[in-house]
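Quick note, the sequences are listed as chains A and V, same order.
For the first sequence, the residue numbers in the numbering used here are 1 to 114.
For the second sequence, the residue numbers in the numbering used here are 115 to 226.
Do not rely on the hints blindly, as some may be mistaken.
Said to hold, decoys possible - Computed spacing ranges between beta-carbons, pair by pair:
(1) 223(V) with 53(A): 41 to 51 Å
(2) 183(V) with 62(A): 18 to 28 Å
(3) 52(A) with 132(V): 38 to 48 Å
(4) 40(A) with 226(V): 34 to 44 Å
(5) 26(A) with 225(V): 36 to 46 Å
(6) 112(A) with 171(V): 34 to 44 Å
(7) 190(V) with 12(A): 38 to 48 Å
(8) 159(V) with 110(A): 10 to 20 Å
(9) 56(A) with 143(V): 15 to 25 Å
(10) 69(A) with 132(V): 24 to 34 Å
(11) 28(A) with 171(V): 26 to 36 Å
(12) 131(V) with 52(A): 44 to 54 Å
(13) 10(A) with 165(V): 31 to 41 Å
Unchecked claim - Far from chain A, some chain V residues (derived; all Cβ distances over 12 Å):
(14) 159
(15) 175
(16) 195
(17) 226
Hints are computed from structural coordinates only; laboratory data are not their basis.
All C-beta atoms, glycine included, are put in the ideal place defined by N, C-alpha and C.
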Amino acid sequence: NAGVTQTPKFQVLKTGQSMTLQCAQDMNHNSMYWYRQDPGMGLRLIYYSASEGTTDKGEVPNGYNVSRLNKREFSLRLESAAPSQTSVYFCASSDDRGPSRGYTFGSGTRLTVV
Amino acid sequence: QQQVKQSPQSLIVQKGGIPIINCAYENTAFDYFPWYQQFPGKGPALLIAIRPDVSEKKEGRFTISFNKSAKQFSLHIMDSQPGDSATYFCAATLPYGQNFVFGPGTRLSVLP
Numbered sequence: 001n002a003g004v005t006q007t008p009k010f011q012v013l014k015t016g017q018s019m020t021l022q023c024a025q026d027m028n029h030n031s032m033y034w035y036r037q038d039p040g041m042g043l044r045l046i047y048y049s050a051s052e053g054t055t056d057k058g059e060v061p062n063g064y065n066v067s068r069l070n071k072r073e074f075s076l077r078l079e080s081a082a083p084s085q086t087s088v089y090f091c092a093s094s095d096d097r098g099p100s101r102g103y104t105f106g107s108g109t110r111l112t113v114v
Numbered sequence: 115q116q117q118v119k120q121s122p123q124s125l126i127v128q129k130g131g132i133p134i135i136n137c138a139y140e141n142t143a144f145d146y147f148p149w150y151q152q153f154p155g156k157g158p159a160l161l162i163a164i165r166p167d168v169s170e171k172k173e174g175r176f177t178i179s180f181n182k183s184a185k186q187f188s189l190h191i192m193d194s195q196p197g198d199s200a201t202y203f204c205a206a207t208l209p210y211g212q213n214f215v216f217g218p219g220t221r222l223s224v225l226p
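The shape of chain A in the complex, shown without the other chains (with noise of 0.2 Å):
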């Protein structure tokens, strides 16, 4: 099925591990989305992508870092995980054409820091 595939679905991991997510989507789509989702505040913007090599930072950006490995693939590597990064990781993408303009989201990650 087309669309954006994240992994994994489950993550726990204990304070100061390190651990990427993966997302790829497949729908020829230039720009991909890492946002965090937690209660009450929404959907932050981490790190996007505009187009295959670049990346820029969202609102939220710090201890993080994205991989724009190729069109299809957006990483987020969290590198020394803290209990505040405890959070719903939903990767994206967007269709940039202007008049219909709107994403793609995968199933989610939930992470857990303990």
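Please arrange chain V on chain A, whose structure you already have, making use of the hints.
Okay, now just chain V, sitting in the frame of chain A:
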């Protein structure tokens, strides 16, 4: 100025009722206002969207009303069904912008 405010935080209606979710923004440069629907355990999905040159847009049972002068827009769900129970997010973006600013979300429960 990049914020989008959304209310109420949660909403409970009976089947057949018309829940209304309201959003407000400050940045008059925003030019595209989508609504996303999210079911538990799933990612948000685009539901309906509007541009500020239109005062109303309908798609099925979902209607967006837009008040440019008040910088407000709202989502109405006609003849609501239990299957509409979800969290709804409003959002906004700038011209040629790729990043959406999201409201904090409204959790809707439609009772059978």
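Status of the hints after comparison with the structure:
For residue 223(V) and residue 53(A), the Cβ-Cβ distance of about 44 Å falls inside the hinted range of 41 to 51 Å, so the restraint holds. Evaluation of the 18 to 28 Å hint for residue 183(V) and residue 62(A) yields a failure: the beta carbon distance comes to about 38 Å. In this structure, residue 52(A) and residue 132(V) meet the distance hint of 38 to 48 Å, their C-beta atoms being roughly 45 Å apart. Between residue 40(A) and residue 226(V) the beta carbons are some 27 Å apart, a value that contradicts the proposed interval 34 to 44 Å.
At about 39 Å, the CB distance of residue 26(A) to residue 225(V) agrees with the hint of 36 to 46 Å. Look at residue 112(A) against residue 171(V): about 39 Å separates their beta carbons, and that is inside 34 to 44 Å. For the hinted restraint 38 to 48 Å between residue 190(V) and residue 12(A), the CB-CB distance of approximately 41 Å keeps it satisfied. The hinted window of 10 to 20 Å between residue 159(V) and residue 110(A) holds, with their beta carbons roughly 18 Å apart.
For residue 56(A) paired with residue 143(V), a C-beta distance near 19 Å keeps the hint of 15 to 25 Å intact. Hint check: residue 69(A) to residue 132(V), Cβ distance near 46 Å, so the stated range 24 to 34 Å is violated. Hint check: residue 28(A) to residue 171(V), Cβ distance near 27 Å, so the stated range 26 to 36 Å holds. Remark: the range hint 44 to 54 Å for residue 131(V) to residue 52(A) is upheld by a beta-carbon distance near 47 Å.
Between residue 10(A) and residue 165(V) the C-beta distance comes to about 38 Å, which sits within the given range of 31 to 41 Å. Interface exclusion of residue 159(V) from chain A breaks down, the closest Cβ pair being 7 Å apart, not more than 12 Å. Here residue 175(V) stays apart from chain A, with its beta-carbon at least about 19 Å from theirs, past the 12 Å limit. Interface exclusion of residue 195(V) from chain A stands, the closest Cβ pair being 23 Å apart, more than 12 Å.
Listed as outside the interface, residue 226(V) is consistent with that label: its C-beta sits roughly 26 Å from the nearest C-beta of chain A, beyond the 12 Å cut-off.
Hint violations for this structure: numbers 2, 4, 10 and 14, all remaining hints satisfied.
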